[in-house]
Amino acid sequence: MTTVSQWRLRAGAASSSAKAAAGPAGTRRQQRLALLALAPALTMFCAFWLLPFARLVLMGAEIDRGSGISAYLAILTHRQYLISLAATLGVSLVVSITAVGIAGLAGFFLARHCFPGKAALVAILTFPLAFPGVVVGFLVIMLGGRQGILAQLSQWLFDERWIFAYSLTGLFVGYLYFSIPRVITTVMAACETLDRSLEEAARSLGADTWRVTRDVIVPGIAPALLSTGAICFATSMGAFGTAFTLGTRMSILPLNIYGEFTNYANFAMAAALSVVLGLITWLALSIARKLAGSSLGAPA
Amino acid sequence: MTTRIRFLLQLGFTLLVCLFMIVPVVMSALAGLTENYFVGLKSGLTLRWVNDVWQLYADTIWLSIRLALACLTVTVLLGVPAAYGLLRSRRRWANAIEEALLLPVAVPGLATALALLLAYGHYREFRDSWLFILVGHVLFTLPFMIRPVLSVMRTARLPQLEEAAASLGAGFWRRFLTVVVPNCMSGILAGALMVVTLSIGEFNITWMLHTPLTKTLPVGLADSYASMRLEIGSAYTLIFLVMIVPLLVAIQWAGRLTVQHH
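Line order of the protein sequences matches chains A and B.
Per the UniProt record's numbering: the first sequence = residues 1 to 300.
Per the UniProt record's numbering: the second sequence = residues 1 to 262.
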């Protein structure tokens, strides 16, 4: 990979004097053209994202209304922010691991077996990928809300209404709901690229199914599993819509940011929390892309 | 024998996961079509709630469609040249720029929206118009246009084709419009479907940027979930699903098309 790009750079340097109309990337004319083609998108990006976000980063260093110290410092020193940071990290981490476990199993099964109706199952498991967080929140209410299916069932069976939608469990179920399709698509794609002859070799050497799974299959798709787990983690960290619809009193970073901004007009704290949250999700997604190199990971 | 049992166990597990995904969707659809959800299906089926949603929220649906189409236009106009620029830039620069353009996707929508609000919120006319939301949507969807177009460009032997056109005397614009753009049509199509789907469903940025006069479909959804009866929220969700599912089917179809193409 590096040798190819080095070669291209050298080739570019060598031919920069000879002006070809459509020569290889690297001639000066080509570079100018490339910059020109990129200019509109880059202008848009700088004006509406880079500069505003740079201001947000600076604003986070201003005095926090609640504590009277710099907002970044307040996050690091005040219990309420540390607890909410830990809660958000914890829920996201547990959801990602659970989703990778559940959807990894189902995705592997679907990738390896052919049976009538499989296409329908794959469709059911992947289409919710495009549901916005608000809709996912509503679906959790359909499951575990006051009039949800669990409440109806438990009313009928035990004469009491079981409700989980508005608690931490509801949040967990919602995050799981939008994570499963992400993992399924990645795992199914990764299984396609697995080298089946390795499994056959392991089997012919006497390994049972469990050992083949542990020593051949899981290591083979491990980068995909880690990458999709990181995407689920980042998505859960930033999931505002689901938590908002569920109306939980849970102290979760996205809800904190929204509250500080709209309820208290505490811009410095809202900015600082946004920057911290953005840094975490950006890191997670960078790791995901390093591992897999392709998927963008559409947020919920 | 054990393989059979293992197959059935795994199938059962997968079916359970499917149930978890589909049951709330079916319930929501039914609730939107039931006269009284609390009484149940025996109260009869009706289109009354769908009609009510149309009366209450039709303008949010139109605004979402308008936003999605405007967003598509802007991302094509910005994204296709940008992909070409990335293709022609030095590898190191191209990677850095791609990474930068991905930032609005990598950072939660809430943060992007907050940055926009604090920087441009005091330009009242801009802030109150739907263009303010459009800016957020374009930032967020642009990478989803650039990525597929760039990957098609990389596999389409564009340099050779362009060189051939140049040797026949075609200038840059002629080459771009008659060689580059037609050759990455499948990428543009895949990107376009993705951009429209994401724009119609976008909530995290839009919720922060909307005003009472610029409510989009997902904003309306959140509004109905919070303040309307369950049947209306369900009927509204049903309308959203009817809009989004054909797009998802088209995305799968386009994905298969590009895979076959190469």
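A portion of the hints provided could be inaccurate.
Listing some non-contacts, in silico: residues in chain B with all C-beta distances to chain A over 12 Å [unchecked claim]:
| id | residue |
| --- | --- |
| 1 | 17 |
| 2 | 56 |
| 3 | 99 |
| 4 | 204 |
| 5 | 212 |
| 6 | 241 |
Under 7 Å between C-beta atoms, here's a sample of chain B residues computed to sit facing chain A [claimed, not checked]:
| id | residue |
| --- | --- |
| 7 | 8 |
| 8 | 12 |
| 9 | 14 |
| 10 | 61 |
| 11 | 65 |
| 12 | 101 |
| 13 | 108 |
To be clear, the hints were calculated from the coordinates, so they are not data collected in a lab.
Quick reminder that beta carbons are idealized off the backbone N, C-alpha and C, glycines included.
Unsatisfied constraints (hint numbers, rising)
1, 3, 4, 6, 7, 8, 10, 11
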